[in-house]
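*Asks:* Residue-level listing of the chains:
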Amino acid sequence: MTETQQPPQDYPEVTVVRRKRMRLSLAWLVPIAALAVGAALIVRTVMQAGPTITIAFRTAEGIEATRTEVRFKEVVVGKVSRVALSPDREQVLVTVKLDKSAERLAVEDTRFWAVRPRVGLAGVSGLGTLFSGAYIGVDAGVSNTEETHFIGLEAPPPQLRGERGRSFELKARDLGSLDVGSPVYYRRTRVGRVVGYTLDPARDTLSVQVVVTAPNDRLVTSQSRFWNASGVDLSVDANGLTLDTQSLASVLLGGVAFTNPADAASAPPAADGQRFDLFANRKAALAPPDGPPLRVRMVFDQAQRGLVAGAPVDMLGIEIGSVRSVALIEAPKSDQFPVEVIADIHPARLGGVRRQFIVPADGADRADALFMKRAVDHGLRAQVRTGNLLTGQLYVALDFVPKAPAATLDARADPPTIPTVRGTLSDLQPQLADIVSRLSKVKFDEIGGDLQETLRHASAAGNDLQEALTSATAAIRQLTPEAQRALAEVQKTLTSTQTTLANLDRNVTHGDAPLQRNLTQVLAEMQRAAQALRVLSDYLQMHPESLLRGKPADADPGKPSEGGR
Amino acid sequence: MSAAAVPTAASSGLLGCECCGLVSEFTKAADSPRCPRCGFALHARKPQSLQRTAAYLLAAAVLYLPANTLPIMATASTLTGRESHTILGGIIELWHTGSWDLALIVFVASIAVPILKIAALTLLAFTARRKSRWRQAERAKLYRVLETVGHWSMLDVFVVVLLVGMVRFGAFANVEPGPGLLAFGGVVVLTMLASASFDPRLIWPEAERQARHR
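So the sequences go chain by chain: A and B. Numbering of the first sequence is given in our numbering, commencing with residue 1 and proceeding in unit increments. Numbering of the second sequence is given in our numbering, commencing with residue 566 and proceeding in unit increments.
Warning: the hint list may mix true and false statements.
Under the rule of at most 20 Å between Cα atoms (straight-line distance), these lysine to aspartate or glutamate pairs were calculated in the EDC-like manner [to be verified]: (1) 171/A to 200/A; (2) 373/A to 399/A; (3) 97/A to 648/B; (4) 100/A to 648/B.
Hints in this document: simulated from the structure, not taken from any laboratory.
In isolation and in its complexed conformation, chain A is listed as follows:
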């Protein structure tokens, strides 16, 4: 609105400093520097990132995106970044970002598997392992061909590459408390672990894969015996109570133990992958090899309460087999139902005896049956005996019975029938019945009547006794007045004695008694005499001359020194 005004004259003039100014601002260096820094940061991050791989699993149980780690030799080498279903929904695709340092793991023969959490007492190396949850284990491949897609294993591979040792397969009846990772013990020292187990539903077999690490793997020989050292083996059978444990850890964790029989010390080390039997316990494992069992049949004509499947069959004190089944059968020509017992026996456990009975010509397959036949010819009979009176368990004993009724065994029958004799308990039962019937013949009524009569007599005698006691009391009562009289006399005597003593007291000991008074006077006289004598002796000491000159007239006994000279 107004014209530009001239500035008032008193404004100071600006100072001028000559300086060259650049057309382009130096501030443009800042974005260039920022670009450099940003690029460096991103490049470094990209360089640090290793390859991204995809692993297909059957289930994503325990696998969590951004949390689950990939561990190789317990070193974290990557992390799960994404968990997704495969397009066909059959599998779970786990995307893993490996570290730069683990780049070489992404090769075609690398194996991945999911390790799901289990509370392991065997290896508490860090509390973190208890809480870290599942992780993906890696067994590094040695190939040079890169690969980014893998199929995850369902179980850890039996043996990792670079881990020296041997793996073995154990045929087991049941798994017990074994699990992947359970320890394998030799002389209660940990030498390996269970790496997996497979149940084959087609053949109904269970095999447990174990790895024994070097250098302990040479301890496993072809003669080694494996047994399940899981938990506490507590059993009650004809032998009584049996408790067997391996170690505290195995009690809680389960485990497999093995040992070598004493006579097999020089056996060659077992080959990798050799199959062994997994026995239920140490005793079963260390039992000598049995060979195939011989099935035998025994028929007992009494009820055999307490004889159950699994009961031991004992020959001359050696357990050679067990009962398979106990059943009642119908006898052809009687009303009775005998007991048929089928048992599997291993005569091989007898050792030398069996060899003596066997002729080489028998042939291997019929040897056991022929052995039994010859034993029966020598008087071998089956008998049911009581193994444990407490539990009532029975066992079948095969024993040579003298004077047994003649019998024979048909070695061609299948199964051959071993002749039987009555068991010890069966013998006992009729005897007990006899005792009971004899007891019942005793006339308890008459005995009771007699007893009552006797008691009545006793009662009469008691009355007589009471009478006698009463008269005795009366006699004592008659005696009493005379005794009282005698007592009064005694009292009188005592009173007179007391009087006499009082007199004596008055005459002698009382202060006013004449004897006392006289005595006091005499003593006073004697005191006075002694005083006079002391005065005299004092005087004589000071004035010995008075003995010659007599006492001076004015002499004062109080002041002898002044008056004397």
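Chain A is fixed; fit chain B onto it per the hints.
*Replies:* What follows is chain B alone, placed relative to chain A:
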């Protein structure tokens, strides 16, 4: 509406010192006029204002990417293992754990404010360059708001630095700064520099015409 003829100090041949406040006369052409009293460099407008603003904004925008993609801190603890945290990841985690209010605060302070600042300054610089007369009063207000808010955008950096200093429990828990923190700090500093180098007087181009002096 006032037209072009607004009397300004520059049009009157006068320059005010931004340091000591002395008004001095400016008659002969000079490259670098100085305050006769305190010696401070005088200029009618901030020198190379738009160029500098643009440069700082570009740098901030470049650093904004690593600031949000790289972890700003890593926590290591025995129980959870080692974990890296980005700003956005932290916000998502807060949101999922139910602390949506905290998530909102962090989002506004760490993501929204820097990006709005960059955008607003870009707008201001662009319109100033075009000598636009579009909503001049609102643009001036926007600039004042930016100046005020800018002081508070370092909160994240402070929090992480405090955590790094305080959470040191050896094997149990540790916090380490990540490379993203550096980039984030850079973004904050650069946006502050950009807003400081922008001359709000450029919002009014009618005055600019007379202020021939750079």
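*Asks:* Hint by hint, say whether it matches the structure.
*Replies:* Hint check:
no.: 1; hint: 171/A to 200/A; result: 11 Å, holds
no.: 2; hint: 373/A to 399/A; result: 13 Å, holds
no.: 3; hint: 97/A to 648/B; result: 14 Å, holds
no.: 4; hint: 100/A to 648/B; result: 17 Å, holds
Every hint, counting from the list given before, is met by this structure.
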